[in-house]
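Protein chains in written order, with UniProt numbering: chain Y, 1 to 477; chain A, 1 to 225.
By construction, these hints were calculated from the structure, which means they are not laboratory data.
Model, not experiment: these values are computed from the prediction.
Certain hints may be false.
If you anchor each label on the Cβ, the simulated ranges turn out as follows [claimed, not checked]:
id	chain 1	residue 1	chain 2	residue 2	range
1	A	S165	Y	E456	47 to 57 Å
2	A	E34	Y	N381	29 to 39 Å
3	Y	A360	A	T21	40 to 50 Å
4	Y	S9	A	Q134	50 to 60 Å
Mimicking EDC-like on lysine to aspartate or glutamate, the simulated pairs with C-alpha atoms at most 16 Å apart in a straight line are [said to hold, decoys possible]:
id	chain 1	residue 1	chain 2	residue 2
5	Y	K46	A	E79
6	Y	K275	Y	D248
7	Y	K85	A	D7
8	A	K90	Y	E380
9	Y	K345	Y	D248
10	A	K92	Y	D446
11	A	K90	A	D194
12	Y	K276	Y	D19
13	Y	K86	A	D7
Just so it is clear, CB atoms sit at the ideal spot from N, CA and C, and this is done for glycine as well.
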Amino acid sequence: MKFAQVISSLYSYFNSSFDWIPSTSTAKSHSPNVYPSLSGKLLLEKEVEMNKEEKEMLLSQGLLQRVPVIEDYVWGYLCRRCGNKKRRWFAGLPCDCGEECVYCRNCIEMGRVSTSSHFLVWTGSEPKWINDHVLKWDGELTFYQKRASEEIKSAIDSKNDLLVWAVCGAGKTEMLFEGLSHALAEGKRVCIATPRADVVKELFPRFQEVLPYVDMVALYGGSQHVDEGAQLVLSTTHQLLRYAQAFDVLIIDEVDAFPFYADSSLLWASRRAKKKESATIYLTATPRIRFKILSKLKKLQTVFVPQRFHGHPLPVPQFVSCFGWKSSLDKNTLPRKFKSWLHEKEAGTRRVLVFAPTIALAEQLADLIPNGVYVHSEDENRDEKVQQFREHEISILISTSILERGVTFPSIDVAVFHAGHRNFDEAALVQIVGRAGRSASDPNGDVVFFHDGKSEAMVEARYSILNMNDRSRKGER
Amino acid sequence: MHCLWCDQKILPEVTWLTFLTPHKIKVLCEECKEKFSFIVGPVCIRCNRPMEGKGKTCYDCERWIAQNPSLECNISVFEYNSFMQEVISKWKYRGDYVLAELFREDVQQRFDEAFSHLNNLVVVPIPLSEERLQERGFNQAEAIASFVNYPSENAIKRIHTEKQSKKSRKERMTSTNPFQIQKPQRSTIVLIDDIYTTGRTLHHAAEVLKLSGAQEVHAFTLIRG
């Protein structure tokens, strides 16, 4: 008996199945859902705002269930909130119950949970949403966008996983509209999650515009919104730590962006947040190695969007060797080749965006380039400077990697200074190239990597861009 | 081994000394250790505040002396800095109990240096009110007291009031005494708390203990704020 228990717990430990989440039973579905805000949530007992009698009543009816937060194994623990299994991220704490409790140190910023904490999980019926949504969008999709849009729709219907590998500037959001409105009309609950809060802020008004009758909410650190049982949830991946088996469709935008790929608890939470039978759609321009392998092995269905929305190919980066840039900077001069490139650009009408690998180097360059301005992640005036650049008040902007994703400036040329630095990995470089030539009226842009020795990432990045342009030219899968 | 604060791997250095002596477990990596600032150099002889000139008392202590205080002196281990602030807020307010281990060794050492000449020592941690203890789950002063090799007594009780750290200096200095005696002590007492800022809390506690018959009351705090 004991042995069988150990085996089954071993299995659940390594398989990280989510069997501990009580399922919403269909038998109770006649009960009216008076607590839509609890549905699909994973909240601690103290986070549920409810008076005591009401709570006791719901518990006795089985509409709420108490679930321990930390799972105790013979050899260790599992935090069911953040998925932490590491021994050293658990510690003991003297407790009221007289014994020593164990708490999770990994997710302590969200409030401490210990072996004496419990979740309250709603097991009554789900909220029902009104089903006659109208998509208020009359734009046209390109051939590739249309194909991806159809694939997304069929993945949602068949509850499969799908990787949408779309180049920067392919118009990913537009590809989602069709599938989204289809899923919402069927009464499915949908979440669009992304690692970056600014993407959530940008997407929310766009979705409000095209889906005006949908109950939707935007969740990110510091947002004022509260999910009261919205059908469409736009959130950062961090917010998924508060959901369990909530969504029929989970769309993860920019899967390869920080911190999602580096933080295993976010990946874990995203798996927990969707229902057992659900569709997951990953959107990215630069998948990490794991997704590439899965895609190559045909373990993960993949659809390519190799062309930008305006139909023009991605600019191919030029490699310009720039040896001895360090000694020129030490002498307070710009490297000759870089300088002449800048001069050439100054004569033209386009603005210039220069990427530097470190804050120190960005600062140094800004000193040497007349009317050059630099931004970095801790810059207080960051948004202001970016806005000035957009409005042509600044003609040369020097940036660290913070502007590599998600920003769109029409008509710019891009230079990467010291492109061989290890801060520039393949994904970063491809994203940087994607900043150029984004508008339909000026679809070209000059992209130059200044380097003192090619790095593998540079070569890989160029290869991947050429590959995408090739696919687009041939018009094949 | 991993650093308890930054989770960086700690590689033990191998020298003849470490090779031949018993293995000592490190909780902090060198980088994090350097960020703590110990109290060194001249300090106020009563409250341990770093100041110019040896063997003097600071302005605030002059004012305490005028009130004929029950507290003899305070000994602290660390100065307050931004790193300490980060650690304390995670330890106390987030409730990462195990972080107390960061201080164990230094607390032991400093306490022995300062008080080993006293006889019949009893350690009294500053209590939290019932409500605050519920909220936090542990008393940080008790955690510090547990590192010291002397008997510890919960001699006093605290009635719930507003947090000291939320008050202005003036409000603090005029606040009423929140402590009541629970077990009167006759011996020499060392009060233990996490931080000495204005000294108001410790002086209140000392007053209550002295009135109920304590011989002498000293204080030991982790940080001189």
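A quick look at each hint next to the structure:
1. A:S165 with Y:E456: 47 to 57 Å: Since the Cβ atoms of S165 of chain A and E456 of chain Y sit about 52 Å apart, the hinted range of 47 to 57 Å holds.
2. A:E34 with Y:N381: 29 to 39 Å: Holds, since E34 of chain A and N381 of chain Y (Cβ atoms, about 32 Å apart) stay within the stated range.
3. Y:A360 with A:T21: 40 to 50 Å: holds (42 Å)
4. Y:S9 with A:Q134: 50 to 60 Å: Check failed, 33 Å falls outside 50 to 60 Å.
5. Y:K46 with A:E79: violated (36 Å)
6. Y:K275 with Y:D248: Within the cut-off at roughly 6 Å; holds.
7. Y:K85 with A:D7: holds (15 Å)
8. A:K90 with Y:E380: violated (26 Å)
9. Y:K345 with Y:D248: violated (50 Å)
10. A:K92 with Y:D446: Violated, at about 54 Å.
11. A:K90 with A:D194: holds (14 Å)
12. Y:K276 with Y:D19: holds (10 Å)
13. Y:K86 with A:D7: holds (12 Å)
Hint check: violations occur at hints 4, 5, 8, 9 and 10; the rest are consistent with the structure.
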